[in-house]
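Peer 1: For reference, the chains in residue letters:
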Amino acid sequence: MSWDKIPTSIIGVKTAPEKGEAKPPRLITYRQAILEGLTTALKKDKRVFLFGEGVDDPGGVFGTTLNLHKKFGKNRSFDTPIAENTLTGLGIGAALGGLRPILVHARTDFMLTGMDQLINHAAKWKYMSGGKFSVPLVIRAIIGGGWGSASQHSQPLQALFAHTPGLKVVMPATASDAKGLLLASIAEDCPVVFIEHRWLYDRKGPVSKNPYVVPLGKGIIRKKGKDLTIAASSFMVPLSLEAADIAAKEKIDVEVIDLRTIKPLDYNLIQKSLEKTNRLVVADTGWKMCGISAEISALAANKAFGYLKAPIARVALCDAPTPASPALEKAFYPSSKDLVEAIRKIYRYGRKK
Amino acid sequence: MSKLQLKNLKPASLKKIYQGLIKIRKFEEKIVSLYPQQQIRTPVHLYIGQEAIAVGVCLNLRKRDYLFSNHRNHGHLIAKGARLESMLAELHGRIGGCSKGKGGSMHMTSQNAGVFGTSAIVAGNIPIALGCAFASKFKKDNRISVVFFGDGAVDEGTFYECLNFAALKKLPIVFICENNFYATNSPQKVRQVNTDIYQIAKHFKMPGVCVDGNDVFEILKFSAEAIERARKNKGPTLIEARTFRWKTHVGPESDIQKGLRSEKEIWPWKKKCPIKKFVQYVTKNKLLSKNDLDKIDKKVNAQLQRALKTALKSSYPKKTDLKKNVY
Chain A
94 MSWDKIPTSI IGVKTAPEKG EAKPPRLITY RQAILEGLTT ALKKDKRVFL
144 FGEGVDDPGG VFGTTLNLHK KFGKNRSFDT PIAENTLTGL GIGAALGGLR
194 PILVHARTDF MLTGMDQLIN HAAKWKYMSG GKFSVPLVIR AIIGGGWGSA
244 SQHSQPLQAL FAHTPGLKVV MPATASDAKG LLLASIAEDC PVVFIEHRWL
294 YDRKGPVSKN PYVVPLGKGI IRKKGKDLTI AASSFMVPLS LEAADIAAKE
344 KIDVEVIDLR TIKPLDYNLI QKSLEKTNRL VVADTGWKMC GISAEISALA
394 ANKAFGYLKA PIARVALCDA PTPASPALEK AFYPSSKDLV EAIRKIYRYG
444 RKK
Chain B
759 MSKLQLKNLK PASLKKIYQG LIKIRKFEEK IVSLYPQQQI RTPVHLYIGQ
809 EAIAVGVCLN LRKRDYLFSN HRNHGHLIAK GARLESMLAE LHGRIGGCSK
859 GKGGSMHMTS QNAGVFGTSA IVAGNIPIAL GCAFASKFKK DNRISVVFFG
909 DGAVDEGTFY ECLNFAALKK LPIVFICENN FYATNSPQKV RQVNTDIYQI
959 AKHFKMPGVC VDGNDVFEIL KFSAEAIERA RKNKGPTLIE ARTFRWKTHV
1009 GPESDIQKGL RSEKEIWPWK KKCPIKKFVQ YVTKNKLLSK NDLDKIDKKV
1059 NAQLQRALKT ALKSSYPKKT DLKKNVY
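Each protein sequence line maps, in turn, to chains A and B. The numbers in the numbering used here rise by one with no breaks, and the one at position 178 of the first sequence is 271. The numbers in the numbering used here rise by one with no breaks, and the one at position 91 of the second sequence is 849.
There's no promise every hint is true.
[To be verified] Derived PhoX-like pairs (lysine-lysine); straight-line CA-CA distance at most 25 Å:
#	chain 1	residue 1	chain 2	residue 2
1	B	1053	B	774
2	B	774	A	167
3	A	139	B	898
[Unchecked claim] Label pairs and their computed distance ranges (CB to CB):
#	chain 1	residue 1	chain 2	residue 2	range
4	B	949	A	175	20 to 28 Å
5	A	245	B	1038	53 to 61 Å
6	A	412	B	800	52 to 60 Å
7	B	948	A	171	49 to 57 Å
8	B	770	A	172	36 to 44 Å
Rather than coming from a laboratory, the hints here were simulated on the basis of the structure. We put the CB at the ideal spot given by N, CA and C, even for glycine.
Work the whole structure out from these sequences, hints included.
Peer 2: Spelled out as structure tokens, the structure:
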């Protein structure tokens, strides 16, 4: 399949039927949207194959790869040895050999044993060869803890990946984006780390049945507002929308930006928003220290300095590994309440009471 | 190699072998002579002493076959048919280099010769070669993958993972371990409990052979078998070729100069020089004359001279090239 023949859609899909359209939009879950995206890619492009630990097991990696091996055969979707570094290298080699591999890790944590191939090789292969050899490899990385998943089954490592030149990092927040961004990632000619959040898997949204790509590097405003901007990604997007609803009751009009891709980062969208709202809260599922929220804050401090009327607030993880106890998990993961507090603080800063 | 098989090698083939060996030797010696001028500003891991392995293996390969190499890659690329001028330009950091001056000595490439990138992380090239072999099998394009690595790579976990996966999926790949008994300066015997690397193949239910890495005929024979096996979809082979590097791990000096190894250790290997061994054999058996060899020497000298001249005509990359080719 020629990937440029798939229509590009900034919105991904219409959120409501247009006038004259009787049918309401089809609602499916984030996990179904990923399965649908994979099915489309496998069907349309013979070069695409899917591999990773347990992709063909009855659970189908949280249901996202369910029965693909039955539909497309064991050549196209197969289980592998527990050898993440080798699997990553295999993906690179297969990509060099003209295929479009998709490697699945049920937990992002497992990717860490494959860092040599990801960072030393995949990310640099094109550069080291003077642009001669591209590595169109998609790595699906699943984040999100809870239920005592603890330190090694939950890590949001987007900052680690985004720190490395040569990698693109995608973090869809909605079902529609999960499909459109996945297809766009498969169409890319470079390695893409595609980060899915487990807490989004059951969320439903309108998703077009037809294939479409959501271009990488384009954020989207999920809610317009004039008082304050939240720049969020992945699971922090629904949380931010919840927080914005609560803030609205206090007459604070919050604009919520969904970054969609961490790298390339659509900073311009944040900048434009800040020129209007003058206040910024950054919400990230990852750690604060040297994290995505730090990068966005630095960019805003540098490029929007003259517009800012308050310090930048960050809602992200504290400098501790993920704990197991539900009591500690509650303290560890930011909630919409934390966001509301940040909103209030930044909104009130410098205003006469 | 038995006399019977040698009969099959016509003078033209013998000349090809000699040309291959001498081309690598002279290329590396050229680097040694140029290095003090500090125009080659990239770490060089020289292949002198190990030439027979690259030449023997590559003579059995097709142009479209994949070759993956490591930090000590010059010999492999030359043997596979990479262009000398682009390699020399790369060494000199020029835009006309095979990797546009972005790779240097450790990341040589040659699209025409099937070298789709080179890794300088020990064992880092093995899973990538595996991936190309996977792609060949997937596409049924009859290409095979050959990967060269040192005894140091056998310390790494991915080596075993790759043997397992290749055997599991019967991939068209040949693993060639150039055992020169050292990883940088660490001797093999302080790193590995079983120094017979070829025996590892047994665990993965694939053939493992140990060959004299300084005997080009032996390499030719055993690699031909392994390559044919891969080509016929019969699965992978592990070849351990025992050899010795004359130079230090990195740089143009020898380990004797650096005080790392003794004359006593290196001398027996120099006596077993793969080129000397070949020349002695072909002249003693009157297969090639001294005149034949001289002609090839001259031809290679001229070729190298021309290549260097062309390479140096290429300019340095521009500042604006810095951020190109990242994605």
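Peer 1: Now, for every hint given, state plainly whether the structure supports it.
Peer 2: Taking the hints in turn, this is what the structure says about them:
no., hint, result
1, B/1053 <-> B/774, "holds (12 Å)"
2, B/774 <-> A/167, "violated (44 Å)"
3, A/139 <-> B/898, "holds (13 Å)"
4, B/949 <-> A/175: 20 to 28 Å, "holds (25 Å)"
5, A/245 <-> B/1038: 53 to 61 Å, "holds (60 Å)"
6, A/412 <-> B/800: 52 to 60 Å, "violated (39 Å)"
7, B/948 <-> A/171: 49 to 57 Å, "violated (40 Å)"
8, B/770 <-> A/172: 36 to 44 Å, "violated (49 Å)"
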